[in-house]
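> What follows is each chain in one-letter form.
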Amino acid sequence: MDLSFNAEERAFQSEVRGFIAKNLTEEMKRATALTPSVFSDPDIGTAWQRALHANGWGAPGWPVEYGGPPWTPAQRWIFETECARAGVPNVNVMGVKMVGPVIIGFGSPEQKNFYLPRILSGEDYWCQGYSEPGSGSDLSSLKTRAVRDGDDYIINGTKIWTTHAHHANRMFALVRTSDGPRQQDGISFILIDMKTPGITTRPILTIGGDHEVNQVFFDDVRVPVANRVGEEGKGWTYGKYLLEFERGSGIASAKLREGLKAIADLAESDLTGRAIDSPDIATRISEVEIDIDALEMTELRVLSALQTGQNPGAVSSILKLRNSEIRQAVTRLGVDVIGHDALAVEPMRPLYRLNHEPAVPEEMLTMVPEYLNGRAYTIFGGTSEIQRDIIAKMMLGI
Amino acid sequence: MDLNLSDEQRLLRDSAERFVAGSYDADHRRKMANDPLGFSPAVWKQFAELGWLALPLPEEFGGLGGGAVEIGILMEAFGRGLVSEPYVATVVLGAALIARCGTNEQKQASLPKVADGSLKLAFAHSERAARFDLAKVATSATKTAQGWRLSGSKIAVLDGHAADDIIVSALVHDHHGPSGRIGLFVAPATAPGLALSDYARLGGGRACNIELADLHLPEDALLGDGHDALPAIEWAVDRAMAALGAEAVGIMQTLLDTTLDYTKIRKQFGRPLSANQVIRHRLADMAMQVDEARSIALRAALKAASPPVERARAASGAKAKIGKCARFVGEQSIQLHGGMGVTEELEVGAYFKRLIAFDTLFGGSAHHYARHAELGRKA
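From first to last, the protein sequence lines are chains W and R.
What the first sequence shows, in my numbering, is residues 1 to 398, in sequence order.
What the second sequence shows, in my numbering, is residues 1 to 379, in sequence order.
Derived from the structure by calculation, the hints contain no laboratory data.
Mixed in with the good hints there might be a few duds.
Said to hold, decoys possible - If you want a taste of the chain R side facing chain W, the calculated C-beta under 8 Å gives, among others: (1) 1; (2) 4; (3) 271; (4) 274; (5) 278; (6) 295; (7) 299.
Even glycine gets a Cβ: it sits at the ideal position worked out from N, Cα and C.
Generate the whole structure from the sequences, applying the supplied hints.
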């Protein structure tokens with residue numbers, strides 16, 4: 001057992017650091033630090049995706065024949081960790097990490113040839129059509145319907161919590177193509193061009209004041225049958241496969257550590273009247289840091305298992321659950337550390353392009369919106385309650 | 001970077017699990033709980049034969065040169081069966097202090113005997129007024145013409161009743177008075193001037209308080225060359241906390257398994273307890289905390305040989321977090337067993353009590369969160 005990296009891994013680490021130093025601009029860094037939602041806006045995120053792609057690093061986790069980098073799990077870890085340390089933009093995961101693996105796993109050769117290069121290059125920007133107003137945790141009860149009409153499906157219904165639908169040119173969606181005795185059986189996985197007539201998008205503002213999610217309406221939207229991934233009625237299987245990816249690329253601790261560090265720095269600064277001098281704050285920072293240490297070790301244990309071809313199993317639910325809970329603890333700490341400055345509301349977005357002097361120092365601006373928006377971490381991608389159901393079933397057999 | 005067990009480590013884990021499963025059952029534990037010694041000398045002999053007593057000792061003194069990770073593997077298995085042999089007192093604390101501080105002669109005199117099972121040790125350090133502050137030692141060691149004279153009181157000495165030699169920490173007084181240095185002195189447990197009163201320890205095994213009233217020791221009772229032993233004490237206690245953390249993980253795993261089985265069998269309202277979501281979620285939380293505890297215990301072991309601040313933060317972090325997880329898992333195990341969980345008829349209580357003892361030893365979660373924070377500001 002060994003926590004340290006070998007010579008090869010250390011060489012890769014300096015390669016990643018070199019790449020970041022060369023490509024991460026101050027503007028990207030500042031914009032990322034001042035984004036209180038989950039993902040960077042496309043003007044920032046796509047620029048970073050292009051830089052990664054130009055270096056052959058556009059799709060970590062993809063097989064090499066589809067353009068993924070030939071990395072070991074340890075290299076993947078180093079890459080993600082260095083990116084988090086440097087504060088690189090949070091590229092929207094809907095393309096590379098979500099629909100990409102599904103197309104690779106279940107798509108037709110035509111779909112692979114068409115879509116995968118466009119995901120890699122950042123040319124296509126994807127959103128995810130899963131949840132509906134009536135189908136949250138009980139996702140397979142979804143009602144958006146696709147009715148066959150010749151070589152097309154005609155889609156009617158609505159999707160909600162659609163992250164970046166207002167930026168995306170494509171959506172992957174779960175739609176109902178038939179009604180069977182089991183509600184999971186009549187679902188298909190379909191790729192939709194967002195410019196198709198009949199699609200409208202309504203913004204939803206989250207409690208932190210950010211426009212990140214939307215509701216999308218489908219009114220007789222015609223989509224070629226050729227845009228269906230895999231078999232009709234098998235969409236649930238593909239959709240669940242994708243959720244495994246959503247729940248844990250398994251490398252979250254580095255980002256949590258950076259978030260905590262920013263707050264600890266504030267706590268040690270005169271801006272907060274040295275909040276750290278309060279024993280309660282100091283202890284809570286330690287408590288969260290230790291939780292991150294434990295999560296990091298679990299991630300490394302999973303990674304070690306992957307390196308030797310073992311299946312880590314239901315641990316992805318543990319990782320998702322703990323990551324979301326710790327993230328909320330970090331953001332809660334952020335609010336407490338800035339004290340009275342938590343009272344100031346800055347409604348303008350993006351925070352990195354304000355046309356006025358904000359009421360509080362810039363490094364405090366995201367604390368309250370991150371805490372408020374961050375309540376969603378234990379809700380999206382399967383609520384904590386659903387994750388506990390999965391852990392009980394998959395790990396404990398009950 | 002690789003956290004998979006090596007072949008040797010896997011063998012160690014398998015043999016430890018097999019041994020504990022085969023030799024430790026409820027009957028054995030009940031017998032030990034009422035035994036004045038609190039453990040079985042026959043089992044101790046087997047530990048020696050299996051090489052476990054030699055495991056972390058240096059090779060040149062009859063040891064196997066293992067590290068904190070190997071100790072953790074062993075301790076986790078011990079936790080599964082609630083082993084009560086004085087392993088931490090003798091090997092993880094006592095022998096480690098001699099290996100780190102002793103002269104060649106002192107090491108040669110003790111370590112091979114620890115390895116072959118013929119010498120048991122204990123570490124007398126804690127004092128009532130010091131609470132959990134390792135640096136606070138009032139017991140004095142005064143230089144005399146013949147050697148040393150020790151006076152003071154020690155509490156919570158793990159397995160002191162079973163030890164042949166007791167390593168006593170004391171503030172060294174020279175001609176000018178207190179020197180500010182802590183020394184470690186090896187005292188035979190039977191020496192006149194050393195009065196030991198032992199008690200049954202919460203969760204199994206025994207501990208004792210020791211009164212030192214003009215305990216006279218020869219010059220070479222002092223370990224090493226008289227350097228301040230505080231860094232060595234912190235090192236040894238950090239490693240002991242990592243080892244005990246691994247043991248707590250084993251205890252929690254057994255509690256989780258037992259509780260899970262019980263909720264599947266126990267029926268109320270015409271269905272098993274485990275059919276209720278509130279119970280399933282509780283068990284999921286318990287499983288998650290056991291897993292987190294396992295991760296942080298492993299981290300403390302992997303950092304046991306790191307520079308002092310890094311090592312100490314990892315050890316305190318693990319102690320604090322595992323203590324918190326242990327209380328949750330332990331308390332919920334009793335809760336989910338219902339009334340039976342509060343009785344001595346089931347073993348849930350025995351495992352729970354060992355967890356509470358773990359949480360208390362060397363300071364609880366609050367103490368170690370604070371130490372972690374304090375060390376972070378120094379780092």
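> Confirm or reject each hint.
Results for each hint:
1. Proximity of residue 1/R to chain W holds as hinted, the smallest CB-CB distance being about 5 Å (cut-off 8 Å).
2. Given hint, residue 4/R at the interface with chain W, holds; its Cβ is 5 Å from that chain's nearest Cβ, closer than 8 Å.
3. Because the beta carbon of residue 271/R sits about 12 Å from the nearest beta carbon in chain W, more than 8 Å, this interface hint is broken.
4. Interface hint at residue 274/R: satisfied, since its Cβ lies 4 Å from the closest Cβ of chain W, which is below the 8 Å cut-off.
5. Because the beta carbon of residue 278/R sits about 10 Å from the nearest beta carbon in chain W, more than 8 Å, this interface hint is broken.
6. Hint status for residue 295/R: holds, given a least beta-carbon distance of 4 Å to chain W, under 8 Å.
7. Using the Cβ-Cβ criterion of 8 Å, the hint placing residue 299/R at the interface with chain W is satisfied: the shortest such distance is roughly 5 Å.
In the structure shown, a violation is registered for the earlier hints numbered 3 and 5, in ascending order.
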